[in-house]
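Undergrad: Build the full structure now, drawing on both the sequences and the hints.
Chains as they are written, first to last, in my numbering: chain A, 1 to 366; chain B, 1 to 366; chain C, 1 to 366.
It is possible that some hints are incorrect.
Copies of the same chain are indistinguishable here, so a pair counts whether it falls within one copy or spans any two.
[What the hints assert, rightly or not] Once the Cα atoms are required to be at most 30 Å apart in a straight line, the calculated DSS-like pairs of lysine-lysine come out as:
#	residue 1	residue 2
1	LYS309	LYS89
2	LYS332	LYS89
3	LYS149	LYS38
4	LYS212	LYS41
5	LYS149	LYS309
6	LYS119	LYS10
7	LYS149	LYS332
8	LYS203	LYS41
9	LYS332	LYS38
10	LYS119	LYS215
11	LYS10	LYS41
12	LYS332	LYS356
13	LYS38	LYS203
14	LYS10	LYS332
15	LYS309	LYS10
16	LYS356	LYS309
Hints in this document: simulated from the structure, not taken from any laboratory.
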Amino acid sequence: MSLQYTLPRKYFASETVFQDEIERIFHERWICVGRAEKIAKPGDYFIQTIGVENIIIVRDNEGQPRAFYNTCRHRGTLLCDQETGHFRKTIQCPYHAWTYALDGRLIGVPDEHEMGFDKADFPLHQAAVATWEGFLFLNLADEPESFTKFIAPLAAQVGDWHMGSLQMADRIEYEVQANWKLIAENYNECYHCPLIHPELNQKSHYRSGNDKIDKGVILGGYQTITAAETLSLSGETCAPPLGDVAGDDLSRVYYYTIFPNLLLSLHPDYVMFHTLWPLAVNRTLVVCEWLFAPAALTQPEVDPQDAVKFWDMTNRQDWRACELSQRGVQSKAYVPGPFYDWQEHLLAEFDRQVLKALGEEPMVVG
Amino acid sequence: MSLQYTLPRKYFASETVFQDEIERIFHERWICVGRAEKIAKPGDYFIQTIGVENIIIVRDNEGQPRAFYNTCRHRGTLLCDQETGHFRKTIQCPYHAWTYALDGRLIGVPDEHEMGFDKADFPLHQAAVATWEGFLFLNLADEPESFTKFIAPLAAQVGDWHMGSLQMADRIEYEVQANWKLIAENYNECYHCPLIHPELNQKSHYRSGNDKIDKGVILGGYQTITAAETLSLSGETCAPPLGDVAGDDLSRVYYYTIFPNLLLSLHPDYVMFHTLWPLAVNRTLVVCEWLFAPAALTQPEVDPQDAVKFWDMTNRQDWRACELSQRGVQSKAYVPGPFYDWQEHLLAEFDRQVLKALGEEPMVVG
Amino acid sequence: MSLQYTLPRKYFASETVFQDEIERIFHERWICVGRAEKIAKPGDYFIQTIGVENIIIVRDNEGQPRAFYNTCRHRGTLLCDQETGHFRKTIQCPYHAWTYALDGRLIGVPDEHEMGFDKADFPLHQAAVATWEGFLFLNLADEPESFTKFIAPLAAQVGDWHMGSLQMADRIEYEVQANWKLIAENYNECYHCPLIHPELNQKSHYRSGNDKIDKGVILGGYQTITAAETLSLSGETCAPPLGDVAGDDLSRVYYYTIFPNLLLSLHPDYVMFHTLWPLAVNRTLVVCEWLFAPAALTQPEVDPQDAVKFWDMTNRQDWRACELSQRGVQSKAYVPGPFYDWQEHLLAEFDRQVLKALGEEPMVVG
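TA: Encoded structure:
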């Protein structure tokens with residue numbers, strides 16, 4: 001076995017590499033932008049920023065989600081500066097009242113007869129959107145890869161959880177002073193659990209797991225719930241098992257990384273997911289949401305906070321470790337270090353996916 | 001008629017282009033630095049910053065305004081860090097007491113006999129200043145263009161207002177989160193008035209105007225005051241007509257752009273002007289001042305605040321539009337959009353002046 | 001005599017030059033990091049940051065000071081984020097519990113038997129440390145120059161003060177909005193004293209001094225205490241003379257610059273020193289400490305604050321001058337100015353050392 005090594009310093013410290021990642025990864029790949037329930041009715045929208053890009057994600061009048069760049073075709077003005085809301089049939093620019101349909105067509109221009117151009121030439125710029133199991137995905141590439149092909153390896157694993165029917169029970173935002181890759185890497189190993197997460201490690205031992213997918217842009221496996229019913233503060237189950245979850249899966253938590261920005265954690269009784277939003281080379285917004293079966297949420301004995309508080313504590317333990325890593329890898333003395341193959345080989349694969357997406361050669365060290 | 005298009009993204013988003021504009025435009029052209037009444041007596045001074053340059057503008061002992069770079073010829077120390085004040089005959093460096101006359105000559109050096117150099121070799125660095133109609137203009141170029149030639153097209157239009165005799169009634173500073181050109185462009189069209197300025201559009205309809213000068217570094221025209229006496233909150237006149245203003249001009253407001261940083265608005269009864277100070281590619285300080293006839297200011301029935309408050313409201317409406325534009329044009333999806341020729345052709349000419357000053361080719365799109 | 005001139009603008013305004021200085025000067029030369037008494041016992045440590053480098057300085061179990069880069073050899077994590085403290089025999093990474101001895105050896109790795117590598121290959125990265133007269137010096141160079149040779153010119157001058165036996169009485173940190181070289185230059189001349197320091201100039205006249213060393217990386221001389229017993233608010237002596245200080249030295253203050261970051265001021269009865277920590281091209285952290293004989297500090301009539309407050313006042317006068325200089329030399333109109341040879345020739349030599357360290361030619365102006 002040859003050793004695999006961590007990424008060099010520039011991937012955590014260089015503004016140039018960071019911009020490259022935004023352009024080649026976050027502006028080219030399928031990005032999870034949260035749950036479709038955020039835009040339940042036609043006209044509902046929310047704003048998603050990715051680097052400098054500002055995207056309106058709106059449900060159109062036919063009920064399809066659409067994504068538009070938030071910039072008027074006249075003089076570029078931001079069409080909408082409210083984070084979330086509802087459009088009544090059209091999107092109107094607040095500057096000169098140019099008006100667009102919810103499918104992006106320019107349909108109204110004051111003094112149009114004097115303009116000398118054809119409205120049909122100036123629709124909103126549009127990006128690709130996909131819905132899967134209740135999640136919305138966005139892709140800013142000129143020619144996006146097939147979403148179905150992209151998601152297939154995960155779709156083959158997670159049908160039993162019936163995620164499409166789940167409902168958001170809570171949501172917490174964290175601003176972490178660390179590069180987004182350190183956060184994803186942290187998620188992909190439990191070698192740190194004994195020291196960082198005594199509560200988690202007591203309920204789900206760090207050596208109790210195994211991989212399910214260890215190659216490609218979707219990676220993951222499970223850990224066994226060795227001394228509890230589920231991962232919650234009390235250790236007791238929060239709700240009845242989801243969908244068709246049964247057998248071994250009743251005592252497992254599955255952790256999947258969907259490159260680049262979705263971390264999906266399936267428990268027997270609830271689902272948690274993180275989306276990662278790079279703000280700077282050393283700063284990332286992490287949005288964590290918890291999904292439960294709607295029926296369970298109406299029952300008085302179901303308390304999502306037992307799960308939410310457990311993971312909020314565990315999240316914060318992770319962020320501190322990621323922030324210390326960010327500070328340490330800034331040093332010119334930092335050189336790639338050896339991964340512990342059994343516990344950390346998913347990180348090596350994640351790093352290979354980063355390098356591949358950037359068009360760079362895989363690491364060979366020593 | 002071929003379409004004219006807005007400037008590409010880099011002119012609103014690139015730090016490099018911004019620095020280029022500072023050097024080739026703000027450090028090379030005649031810049032308005034406000035009214036001469038700020039330095040009424042010999043020794044009076046104020047500090048003007050333009051990019052990193054810090055300039056002392058002082059009235060010398062012969063009564064002439066002078067501009068000096070605020071840096072000692074010894075070790076470069078800032079000579080003066082008070083924004084405004086009065087020098088008693090000389091300017092003394094606070095570090096080693098080197099002393100300069102108000103015409104810039106080095107006239108005192110402690111221990112001079114041991115120095116081994118000639119004081120005459122170390123005068124303050126000086127820049128060009130011009131006074132016109134009560135305005136002070138500054139030019140940092142090594143070889144400034146003729147001020148008289150520069151201002152001639154405007155001088156030919158505005159003599160009736162007797163601006164040289166006016167007095168400042170109020171002054172408001174705004175920090176706008178937008179590129180300086182977006183603010184100038186906004187000033188040059190009223191196509192946005194119906195949506196952005198309902199109060200202004202009600203008093204002075206956006207289609208009621210015409211151009212006076214539509215080529216070169218000085219641009220402008222008028223709008224008719226269609227349903228008021230002047231532009232004020234009440235709509236009533238604030239003061240008697242200025243100077244020799246008569247005839248049609250009693251119901252017009254003239255709006256002139258003096259490239260790059262002066263926006264001059266002549267009303268029948270008062271004058272308003274904005275000066276633009278680029279702070280960053282996406283941030284501009286705007287100083288707005290209102291001038292009235294001194295005689296009017298002593299009369300109890302004259303209330304400049306009726307005009308000031310009207311424009312303060314209108315200014316803030318504009319800044320919000322400019323800030324939305326700044327945010328929108330940051331997107332890589334923003335591409336130059338079509339100007340509405342009748343209402344926006346002065347913007348196209350303004351943009352051509354920007355490109356010319358930067359030594360670049362005029363835009364050809366599509 | 002030909003005139004010497006100040007450094008050009010870029011040495012005070014360019015981020016590139018600043019980074020070059022960090023790499024070629026602060027990461028290559030002997031840097032004073034304060035007094036050895038800060039790590040009195042084995043296991044005691046403090047953190048020193050120099051640019052992006054974060055260094056643990058710790059006394060090992062044999063009593064030797066050691067310097068380690070604060071980055072784990074596994075995944076680069078910061079080992080320690082407390083500014084000062086005590087290690088119990090080992091340094092443990094807070095992420096995955098890799099553990100190092102106080103001499104830097106990796107001695108503990110969880111699940112080591114599964115790792116497939118040899119711990120001996122992953123010791124902490126170490127830097128050079130030297131102790132002299134109670135001062136700790138650090139050198140991050142791959143091949144540090146001989147400390148003994150470096151310090152020899154100073155060692156030959158200052159033995160009488162018995163600095164090795166002194167104890168810290170007070171410490172003040174200042175954040176100065178000026179380039180580090182302006183602060184060192186300010187320290188090297190008293191031509192500014194009449195205007196900036198009336199209290200100091202009254203006690204120790206600016207023309208009362210002479211040089212001791214005027215070439216090389218160690219520079220300095222003395223000023224005579226012309227109208228006081230020592231430099232203190234009261235003018236009265238603070239403590240008995242230090243060590244073997246006698247004769248003329250009882251009425252002198254010696255001021256030495258140890259390039260690049262130590263300014264050492266020896267008074268008859270106490271020692272003051274400044275260490276300079278560049279934070280940005282226009283921002284420097286200055287740490288000022290006062291050392292007294294331990295025996296004196298136990299005596300009720302000895303009041304270190306009489307000295308501390310005098311110099312705190314004088315320091316702040318200097319920082320203001322340095323900050324004005326920083327602002328002035330940003331101007332493109334700033335050009336190198338003439339040094340006053342008798343009072344300012346140490347500055348010219350300091351500047352030559354800067355240029356030499358950066359591998360650049362000495363200044364020739366005019």
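Undergrad: Could you run down the list of hints and mark each one as holding or not?
TA: Against the structure, the hints:
Taking the shortest alpha-carbon separations for LYS309 and LYS89, neither the intra-copy value of 40 Å nor the inter-copy value of 36 Å comes in at or below 30 Å. Proximity of LYS332 and LYS89 under a CA criterion of 30 Å is satisfied inter-copy only: 26 Å between copies versus 55 Å inside one chain copy. For the identical chains of this complex, LYS149 and LYS38 are intra-copy neighbours only, at 25 Å inside a copy versus 61 Å across copies, given an alpha-carbon limit of 30 Å. For the homomeric pair LYS212 and LYS41, neither the shortest alpha-carbon distance inside one copy (37 Å) nor that between copies (51 Å) is at most 30 Å.
When the C-alpha separation of LYS149 and LYS309 is checked against a cutoff of 30 Å, the pair qualifies neither within a copy, at 36 Å, nor between copies, at 61 Å. For the homomeric pair LYS119 and LYS10, the shortest alpha-carbon distance between copies (26 Å) is at most 30 Å, but the shortest distance inside one copy (46 Å) is not. Proximity of LYS149 and LYS332 under a CA criterion of 30 Å is satisfied inter-copy only: 27 Å between copies versus 40 Å inside one chain copy. For the identical chains of this complex, LYS203 and LYS41 are neighbours neither inside a copy (41 Å) nor across copies (41 Å), given an alpha-carbon limit of 30 Å.
In the homo-oligomer, the alpha carbons of LYS332 and LYS38 lie at most 30 Å apart only across protomers (26 Å), although the nearest pairing inside one protomer, at 44 Å, exceeds that limit. Within a single copy, LYS119 and LYS215 get their C-alpha atoms only as close as 48 Å, which misses the 30 Å cut-off; across copies the closest is 29 Å, which meets it. For the identical chains of this complex, LYS10 and LYS41 are neighbours neither inside a copy (44 Å) nor across copies (37 Å), given an alpha-carbon limit of 30 Å. For the homomeric pair LYS332 and LYS356, the shortest alpha-carbon distances inside one copy (24 Å) and between copies (24 Å) are both at most 30 Å.
For the identical chains of this complex, LYS38 and LYS203 are neighbours neither inside a copy (33 Å) nor across copies (43 Å), given an alpha-carbon limit of 30 Å. For the identical chains of this complex, LYS10 and LYS332 are neighbours both inside a copy (10 Å) and across copies (25 Å), given an alpha-carbon limit of 30 Å. Taking the shortest Cα distances, LYS309 and LYS10 never come within 30 Å of each other, neither inside one copy (35 Å) nor across copies (46 Å). With identical chains, the CA atoms of LYS356 and LYS309 are never at most 30 Å apart, being 37 Å at best within one copy and 59 Å at best between copies.
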